[in-house]
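J.: The chain contents come next:
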Amino acid sequence: MKRLDRIALWLVPLLGALLVTSILIRAAGRSPAEIYRLLIIGTWGNAYGIGQVLFKATPLLFTGLSVALAQRAGLFNVGAEGQITVGAFAAGLCGAYLPAGTPALLAVPACLVCAALGGALVGVVPGWMKARRGAHEVITTIMLNFVVRAAMVGLGALVFERESVHTKPIIAGARLARLSGFVAPLRGSAANLGLVVALVVVGATVWWVERTRVGFHLRAVGAQPKVARAAGLDPARITILAFVLAGAIAGLGGANFVLGYKYYYEDGFSGGVGFVGIAVAVLGGLHPVKLIAAALLFGTLAQGALAVNAVCPKEIIDVLQAVLIIAAAVTTAAQLRAGRTSS
Amino acid sequence: MILLVAFVAALVRISVPYALAALGGTMSEKSGVVQIALEGMLLVGAFSAVVSADATGSATLGIVGGALAGGLLALVYALVVLWLSTDQIVTGVAINLLADGLTRYLLKVRYDSASNSPRVEALSIHPLVHGGELVEALTHPLVLGTIGLCFLVAFILKRTVFGLRLRAVGEHPDAARTLGVDPRRVRLFALVIGGLLAGAGGAYLAAEQRQFVSGMSAGRGYIALAAMIFGRWRVWPAVAACLLFGAAEALQIRMQTQGGLLPGWAVQMLPYVLTLVVLGVAGKGKRRGHGGGNAPAALGKSL
Numbered sequence: 001m002k003r004l005d006r007i008a009l010w011l012v013p014l015l016g017a018l019l020v021t022s023i024l025i026r027a028a029g030r031s032p033a034e035i036y037r038l039l040i041i042g043t044w045g046n047a048y049g050i051g052q053v054l055f056k057a058t059p060l061l062f063t064g065l066s067v068a069l070a071q072r073a074g075l076f077n078v079g080a081e082g083q084i085t086v087g088a089f090a091a092g093l094c095g096a097y098l099p100a101g102t103p104a105l106l107a108v109p110a111c112l113v114c115a116a117l118g119g120a121l122v123g124v125v126p127g128w129m130k131a132r133r134g135a136h137e138v139i140t141t142i143m144l145n146f147v148v149r150a151a152m153v154g155l156g157a158l159v160f161e162r163e164s165v166h167t168k169p170i171i172a173g174a175r176l177a178r179l180s181g182f183v184a185p186l187r188g189s190a191a192n193l194g195l196v197v198a199l200v201v202v203g204a205t206v207w208w209v210e211r212t213r214v215g216f217h218l219r220a221v222g223a224q225p226k227v228a229r230a231a232g233l234d235p236a237r238i239t240i241l242a243f244v245l246a247g248a249i250a251g252l253g254g255a256n257f258v259l260g261y262k263y264y265y266e267d268g269f270s271g272g273v274g275f276v277g278i279a280v281a282v283l284g285g286l287h288p289v290k291l292i293a294a295a296l297l298f299g300t301l302a303q304g305a306l307a308v309n310a311v312c313p314k315e316i317i318d319v320l321q322a323v324l325i326i327a328a329a330v331t332t333a334a335q336l337r338a339g340r341t342s343s
Numbered sequence: 001m002i003l004l005v006a007f008v009a010a011l012v013r014i015s016v017p018y019a020l021a022a023l024g025g026t027m028s029e030k031s032g033v034v035q036i037a038l039e040g041m042l043l044v045g046a047f048s049a050v051v052s053a054d055a056t057g058s059a060t061l062g063i064v065g066g067a068l069a070g071g072l073l074a075l076v077y078a079l080v081v082l083w084l085s086t087d088q089i090v091t092g093v094a095i096n097l098l099a100d101g102l103t104r105y106l107l108k109v110r111y112d113s114a115s116n117s118p119r120v121e122a123l124s125i126h127p128l129v130h131g132g133e134l135v136e137a138l139t140h141p142l143v144l145g146t147i148g149l150c151f152l153v154a155f156i157l158k159r160t161v162f163g164l165r166l167r168a169v170g171e172h173p174d175a176a177r178t179l180g181v182d183p184r185r186v187r188l189f190a191l192v193i194g195g196l197l198a199g200a201g202g203a204y205l206a207a208e209q210r211q212f213v214s215g216m217s218a219g220r221g222y223i224a225l226a227a228m229i230f231g232r233w234r235v236w237p238a239v240a241a242c243l244l245f246g247a248a249e250a251l252q253i254r255m256q257t258q259g260g261l262l263p264g265w266a267v268q269m270l271p272y273v274l275t276l277v278v279l280g281v282a283g284k285g286k287r288r289g290h291g292g293g294n295a296p297a298a299l300g301k302s303l
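Protein sequences, first through last, are from chains R and E. Position 22 of the first sequence, counted from 1, bears residue number 22 in my numbering, the numbering being contiguous throughout. Position 83 of the second sequence, counted from 1, bears residue number 83 in my numbering, the numbering being contiguous throughout.
It is possible that some hints are incorrect.
To list a few chain R residues with every Cβ distance to chain E over 12 Å, as calculated [stated by the list, open to error]:
{"id": "1", "residue": "L121"}
{"id": "2", "residue": "H136"}
{"id": "3", "residue": "A293"}
Derived pair list, reagent style DSS-like, types lysine-lysine, alpha-carbon separation capped at 25 Å [claimed, not checked]:
{"id": "4", "chain 1": "R", "residue 1": "K314", "chain 2": "R", "residue 2": "K262"}
{"id": "5", "chain 1": "R", "residue 1": "K226", "chain 2": "E", "residue 2": "K301"}
{"id": "6", "chain 1": "E", "residue 1": "K301", "chain 2": "E", "residue 2": "K108"}
{"id": "7", "chain 1": "R", "residue 1": "K168", "chain 2": "R", "residue 2": "K226"}
{"id": "8", "chain 1": "E", "residue 1": "K108", "chain 2": "R", "residue 2": "K314"}
Keep in mind that the hints were calculated from the coordinates and are not lab data. Predicted, not measured: the structure shown is a model, and the values here were computed from it. A virtual CB, placed ideally from N, CA and C, is assigned to each residue, including glycine.
Chain R extracted, bound-state conformation (with noise of 0.2 Å):
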């Protein structure tokens, strides 16, 4: 294809989105382009927005990641929601109850090994039935993830603190320090070291996909399901592996709200992040490059959201990610046909 038509099947959309929610604001009787720039002042146009830019991003990173994994193995994976919520509860528990004088050597990744495998937990499930019985993960992720929206609830009557909706606070040797200890204009921001977890995960990830062996077998498995078994390889113990790795990495995104952020675990904090993953994962794939540009994408909108919701009410640019999202996977269809009918 040529690098023309390859850019026109980003913008036509990503334009085509722009216009939708342009009439909406008109509708509503503001100005769209007072919207927009609103939008990118408010996040790109100073060092603090840029701090809350790339805070929203880090669970973005970690929820895309999962589901592009879980893509690259031949599955859809709909509940990294539920994956990242009972990470982010584990990771609070962990954090909370180890001993108080407990060093950040220790304490760190002792909450980060919880949140993934709290994820992990809940990433099993689909895997399983996946392989053994068959069930369709879509159907079973959909199901999990209000199981665990459920669960939460009466998990939450028994350890949230009394009168809140957040369990205890974690001890000081399980924070993760925010990146204004490092770049001082970041101040006040809530952008912290989960973000380098988040970059570490996504280059290990890849490099574990494309340059291992078991990541061989992975791709096969989601390529060419039946090839792969005629190889010799186990598409049920791939599925559970893809599926166990995916709610994994989704459960490590809870890292960031509850180390890094709150210091708590607290309900409802996801707000969404495991959907708006899917959207990361169809615009970035399985590419460090481009999922990282997804998030921050999707991570500004998150952001530009609060400065505009003075001029506008900010659900504008929640229909705005949703047409992105559309228009994203327009593209992708479009170039999928095109590959197919050029080759």
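Could you slot chain E onto chain R? The hints should help.
T.: Just chain E now, kept in the frame of chain R:
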């Protein structure tokens, strides 16, 4: 006895939106298109019902407006999925996000509120026969309408040419095409009819409270999806599943007032756990689609 009557009345009322959305889902998925956007259709249906009734002063037009909004959202979904061949799951998730954002946005724009619209008395719908709680629940025009629609959808799918074509394109679109049936057109109709049904379900939700509350679908679209799978894509078993889930909910409301057996969160979890169990014991379905067993063979495949 009085308790039982009140329970059945509550069960009927609770099950209506489930049943309408599950009918919409069955209609759509039987034609071979995954429909996880029922939640969004309920939501826009509820919002549009309130605005339509508010603007026209008519409850009937309110319900019609709700159904049309669901149909319109389904039309958008259908055009994108069928003509632009996008991924059905991604698009469905996006449609749900769109419905959520759009209704919240319009709620602020029109009613200047982040939580709910004012009460719209025009959306009051009265039972045909006044009497006991159960009589009133059963003679509620929308309940009667829903029962009628269950029969109608079952009849359309089983006994009409359109229903036969719908099932054919859901099982084997290429075979249907060789017989001169255009799978895209059939799927378009199936999806839009499904959207109208789900939209009507949303309108019922709004009519019960005579107002729109942001996010008021509260997962009902997914419960309907679960009911449809639980019923293995057949109309009556799906409706039965809706009644089962509705009964659990009605029981929970009963027990909350009396302090009872299961905590609320356990009841909320029930439909999803049951569906997982059904999918788990359904065994190794070799066919594509949501699970094993009875799923339409071409479910989720682009044309």
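J.: For each hint, tell me whether it holds in the structure or not.
T.: Status of each hint after checking the structure:
1. The beta carbon of L121(R) is kept farther than 12 Å from every beta carbon of chain E, the shortest such distance being approximately 15 Å.
2. The non-interface label for H136(R) is inconsistent with chain E: the shortest C-beta to C-beta separation is roughly 4 Å, within 12 Å.
3. Look at A293(R): its CB is around 18 Å from the nearest CB on chain E, clear of 12 Å, so calling it non-interface holds up.
4. As the CA atoms of K314(R) and K262(R) are separated by approximately 23 Å, the hinted pair is consistent with the 25 Å bound.
5. A threshold of 25 Å between alpha carbons decides the hint, and for K226(R) with K301(E) the separation of about 18 Å falls inside it, so the pair holds.
6. The suggested pairing of K301(E) with K108(E) is violated, with an alpha-carbon distance near 38 Å, which exceeds 25 Å.
7. Between K168(R) and K226(R) the alpha-carbon distance is near 49 Å, which puts this suggested pair outside the 25 Å criterion.
8. A hinted pair counts as satisfied when its Cα atoms are at most 25 Å apart, and K108(E) with K314(R) qualifies at roughly 10 Å.
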